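Each chain, letter by letter, is given below.
There are 2 protein chains.
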Amino acid sequence: MPGAIQSLSRAAAILRLLAGGERRLGLSEVATGLGLAKGTAHGILRTLQQEGFVEQDPDSGKYQLGAELLRLGQSYLDVHELRARALVWADDLARAAGETVYLGVLHQRGVLVVHHVFRPDDTRQVLEVGSMQPLHATALGKVLLAYDPVARGELGDGPWEAFTPRTVTEPAALDAQCALVRERGWADAVEETWEGVASVAALIQDRRRNPVGAVCVSGAVETVCEGGAVRPSLVASVRTAARAISRDLGAHRF
Amino acid sequence: MPGAIQSLSRAAAILRLLAGGERRLGLSEVATGLGLAKGTAHGILRTLQQEGFVEQDPDSGKYQLGAELLRLGQSYLDVHELRARALVWADDLARAAGETVYLGVLHQRGVLVVHHVFRPDDTRQVLEVGSMQPLHATALGKVLLAYDPVARGELGDGPWEAFTPRTVTEPAALDAQCALVRERGWADAVEETWEGVASVAALIQDRRRNPVGAVCVSGAVETVCEGGAVRPSLVASVRTAARAISRDLGAHRF
DNA sequence: ACCACCGGTCGGCCATGCCGACCCCACCTG
DNA sequence: CAGGTGGGGTCGGCATGGCCGACCGGTGGT
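If you read the protein sequences in the order shown, they are chains E and P. Quick note: the first sequence uses our numbering, first residue 147, plus one each step. Quick note: the second sequence uses our numbering, first residue 147, plus one each step.
Simulated from the structure, these hints should not be mistaken for laboratory data. It is possible that part of the hints are untrue.
Reference listing, derived: stretches of chain P covered by chain E, where coverage requires no fewer than 3 residues with Cβ under 8 Å from a Cβ of chain E [unchecked claim]:
| hint | stretch |
| --- | --- |
| 1 | 222 to 235 |
| 2 | 248 to 258 |
Examples of chain E residues lying across from chain P (beta carbon under 8 Å, computed) [what the hints assert, rightly or not]:
| hint | residue |
| --- | --- |
| 3 | A150 |
| 4 | L154 |
| 5 | S155 |
| 6 | G189 |
| 7 | R192 |
| 8 | G198 |
| 9 | F199 |
| 10 | G207 |
| 11 | Q210 |
| 12 | L223 |
| 13 | Q254 |
| 14 | V260 |
| 15 | G276 |
| 16 | M278 |
| 17 | V381 |
Predicted model only: the values in this text are computed from it and were never measured. All residues carry an ideal CB built from backbone N, CA and C; glycine is no exception.
Throw the hints in and build the complete structure from the sequences for me.
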């Protein structure tokens, strides 16, 4: 495969840099952060600004991400076939389970949330569509790790970050869990990412049985678990929903 | 101002092209659509794919937008100061008004929705964050047109598209409405975008009193209007919310 | 008043990305 | 099954487009 276009790769790196740091960044910060000459960084930033991918604060001259990214991100969702098919199933699942539902796909070294149904009560919740979850410490992630070789490859050898005392950080333990996931057909994560939160997830396949994503139900340990384990009825609901979405995608052809 | 980086502008054009067409596009379609040589288009697409901005369907070889855009779009929202300040006020406004609340900023020739609070009932609603609304046919748009010279410039001379019989399509009529908006301090749009839907909007300013966005309450004509005009209490709520957000941004310094 | 550092510009050199011809494969089509 | 068509993808040579480092003008701190 021939090489990549230099200026484009650099532009992407700049966008990621701006997305990473919470605050706005100055021209010099960007340039030194990526080891570029100031003039080079400026040229790229200028173009990105013209295209709307980057905005500049008139006072400080510092740069931040631009609105066009939001618009394009929305367009990504509009085209996303998995998400479109899953919308109604996710809704039903949330209602039946009485808990939050996430829909995630593999993206780089994490799970990207492409759909999110609020827990059906009136508490204030923030939409997490577009955010990333760790592969090794969530139910969504463990499903993808278990079935998608690419995901396991991306993750590398660990040890990985521990978010709680229960997070699995060692490769051997994680691979054992993945084997269990494949055997049972579903994954759980009880207080492995956040204290007090437990989740169950199941795989979604496309028409050729390739793993394309996962559904997950997530909620307080007190309501999701029973006697230390995830409630069987929840597991059943999640697996049924996953099968329904897969069927919708055409997985029933075999 | 020196010129833009060619390959970057082209890459942006490709992304917009992919965002525009609802379906996936092939290499040749992209190339001819933008008047590029196939090899050139391929090089850019290859790089965009490596960076995650574009994905390729393994079967058809066709291209679509990539997940990285969703992630970056989310990062844009995270950093967005106006949105962060407005979150809680928008929530209160929706609850008080019993209607949908939108928060919009000027972007190119339209209003980009950066926040959306669902109408506080249990009907199914789709999140419109990241979508665009027309400047000339929405309350949000008319506020921005009235106060932001850039917006008026972007819009050009018309006549503009009519979405309903009540849409304002002529420059003279629209400019008159903008004058009225400036005089009253708020804008309305009754069945100008969608039949049966009416909205009220007010301006949000930053610390230097520059227009940075607008808040809007939107709902069925039957509940929003009274005797052909928008209910005064709603207007008051919206204007109060807009002032509160502006104050939060530091507009009180004068 | 000075200096340090900021964002921004400029011009020359040369690596870089552009182009058009070419390849291979899948799918029609007669 | 041969031939044709159009798909995505590759390649190499030419020249152009973008990179770099030196250079501005303004600003805020000392």
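Against chain P, run the beta carbon of E:R192 and see if the smallest gap drops under 8 Å.
7 Å, holds
Hint check, E:G276 versus chain P [nearest Cβ-Cβ separation less than 8 Å]
E:G276 check passes; min Cβ-Cβ to chain P is 3 Å, inside 8 Å.
Does the CB of E:L223 sit less than 8 Å away from some CB of chain P?
7 Å, holds
Hint E:Q254 vs chain P: min CB-CB distance below 8 Å?
Hint on E:Q254: holds, closest Cβ of chain P at ~7 Å, below 8 Å.
Hinted contact E:V260 with chain P - closest CB pair below 8 Å:
7 Å, holds
Can the stretch 222 to 235 of chain P be counted as covered by chain E under the rule of three residues or more with Cβ-Cβ separation shorter than 8 Å?
holds (count 4)
With 8 Å as the cut and Cβ atoms as the points, is E:S155 at the interface with chain P?
6 Å, holds
Is the interface hint for E:G198 satisfied, with its Cβ closer than 8 Å to some Cβ of chain P?
Cβ of E:G198 sits 7 Å from chain P, so the hint holds.
Proposed interface contact between E:V381 and chain P, which counts if any beta carbon pair is under 8 Å:
26 Å, violated
E:G189 was flagged as interface toward chain P. Is the shortest Cβ-Cβ separation under 8 Å?
For E:G189, the interface hint holds, since the closest Cβ of chain P sits about 6 Å away, which is under 8 Å.
With 8 Å as the cut and Cβ atoms as the points, is E:F199 at the interface with chain P?
Result: holds, 7 Å to nearest chain P Cβ.
Restraint: E:A150 near chain P, CB-CB cut 8 Å. Satisfied or not?
This hint holds: E:A150 lies near chain P, its Cβ roughly 4 Å from the closest one there, short of 8 Å.
The earlier numbered hints that this structure contradicts are 10 and 17.
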